[in-house]
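2 protein chains.
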Amino acid sequence: MEQIPEPAKERLLFLMRILEKNREKPLTSGNLEALTGWSSHTIRKDISFLGGDYGGGPGGGAKKAGTSCGYNPETLMPAIKAALGLNRRRRFCVVGLGRLGSAYLNFQSFELGEFELAAGFDSNVNRVEILKSPVPLYPAYKIPEAVNRFAIEIALLCVPGEAAQASAEKLAAAGIRGIVNFAPVVLSLPPEVAVRNVYVMDELRALAVKISH
Amino acid sequence: MEQIPEPAKERLLFLMRILEKNREKPLTSGNLEALTGWSSHTIRKDISFLGGDYGGGPGGGAKKAGTSCGYNPETLMPAIKAALGLNRRRRFCVVGLGRLGSAYLNFQSFELGEFELAAGFDSNVNRVEILKSPVPLYPAYKIPEAVNRFAIEIALLCVPGEAAQASAEKLAAAGIRGIVNFAPVVLSLPPEVAVRNVYVMDELRALAVKISH
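These protein sequence lines map, in sequence, to chains A and B. With the working numbering, letter number 25 in the first sequence gets 25, and the count goes up by one each step, no holes. With the working numbering, letter number 40 in the second sequence gets 40, and the count goes up by one each step, no holes.
These are calculated hints, taken from the structure and not from any lab test. Watch out, some of these pointers could steer you wrong.
As the list makes no split between identical chains, a pair holds if one copy fits it or if it spans any two.
[What the hints assert, rightly or not] Okay, derived cross-link-like pairs now, DMTMM-like style, lysine to aspartate or glutamate, Cα gap no bigger than 25 Å in a straight line:
| # | residue 1 | residue 2 |
| --- | --- | --- |
| 1 | Lys-45 | Glu-169 |
| 2 | Lys-81 | Glu-169 |
| 3 | Lys-25 | Glu-192 |
| 4 | Lys-25 | Glu-169 |
| 5 | Lys-210 | Glu-169 |
| 6 | Lys-45 | Glu-6 |
| 7 | Lys-142 | Asp-53 |
| 8 | Lys-210 | Glu-10 |
| 9 | Lys-142 | Glu-74 |
| 10 | Lys-142 | Glu-6 |
| 11 | Lys-25 | Glu-10 |
| 12 | Lys-21 | Glu-203 |
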């Protein structure tokens with residue numbers, strides 16, 4: 001398969017979410033244009049990276065007589081999943097079991113999709129022992145051993161800001177490949193570790209910008 | 001001031017975060033191109049919406065003899081803030097005081113920037129009475145009264161998925177203008193209410209896509 005450029009991957013991921021919410025009926029690239037704001041040309045090009053035939057844009061599917069117009073969510077969705085590497089389960093862990101971290105310990109499987117929570121870690125041994133949890137909890141010094149044993153690829157980093165950089169480095173050294181960072185600091189890590197930052201202030205700002213007129 | 005297009009606003013917001021982390025030295029549009037991936041032409045155009053002179057790109061500031069090359073973070077940052085409507089404090093509340101919601105009750109002011117937490121709400125009166133909090137907590141039926149009294153503009157919605165739509169409608173009816181939605185559901189609200197969704201699954205997926213090669 002052709003290598004998919006990063007921006008196209010991001011759009012395909014967004015498209016997949018739209019398809020998940022619209023499983024019932026085919027969507028034309030015109031429908032998708034209205035839902036995403038991207039041009040139907042861009043959408044058709046992104047989908048062309050997947051190879052295969054998933055229906056098509058306005059008139060696209062209609063080229064063949066008797067074919068309904070629009071992309072078929074039931075075939076397009078799995079094709080995007082496969083192309084983006086989302087067609088296998090991946091394990092993740094929660095690091096830092098304060099209020100935020102322990103909230104994520106208790107997420108339901110439908111909130112996690114193809115991801116499986118495998119373990120939780122905290123530097124406070126006492127907290128690890130008393131917290132109720134659906135997955136095993138370990139003191140932080142066991143991160144290298146447990147990450148390796150459970151083949152954990154991703155960590156939700158929920159430690160306080162002042163501990164975040166050191167924890168992230170420990171996770172990177174243990175072989176973690178991606179970190180969702182909830183601590184309000186910018187992490188400095190080797191380029192092979194991917195980071196996504198979730199900062200409440202950024203979400204508030206994005207809203208404030210939208211409502212400022 | 002000229003009306004700034006939405007995509008330019010989003011880029012300016014991102015630029016503001018970069019400037020906040022790089023207060024010391026001027027940044028050329030070439031530096032910013034490397035940090036953002038946007039063309040220096042786009043960056044210069046976005047900044048031109050602000051009006052005024054903030055230094056400039058490679059060669060931009062050098063047009064005047066003795067002017068250092070690059071944008072000056074100390075003048076550019078407040079100009080972006082003003083243009084995006086981020087130059088005044090806005091009040092927000094937390095709705096749903098389970099683990100996730102009560103974590104956000106206890107965020108420190110440096111994690112919130114120009115936003116001020118004004119109140120918390122939960123449908124469980126008992127929880128409202130026993131939770132320790134730096135701000136007043138109220139039962140959910142007091143949302144209309146408190147939103148109005150404290151001039152709250154934004155809500156962090158941390159209720160369980162099955163309660164999210166009803167809570168969001170109540171907030172919209174009370175005059176809330178923006179919602180950060182942490183519940184794993186898609187909210188259906190009047191267009192004048194802005195929504196930002198924070199779904200852990202989406203963050204995990206975005207990471208999985210990045211690490212899948």
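* To do: List in ascending order the numbers of the hints, as given earlier, that are violated by the structure.
  => 1, 2, 3, 4, 7, 9 and 10
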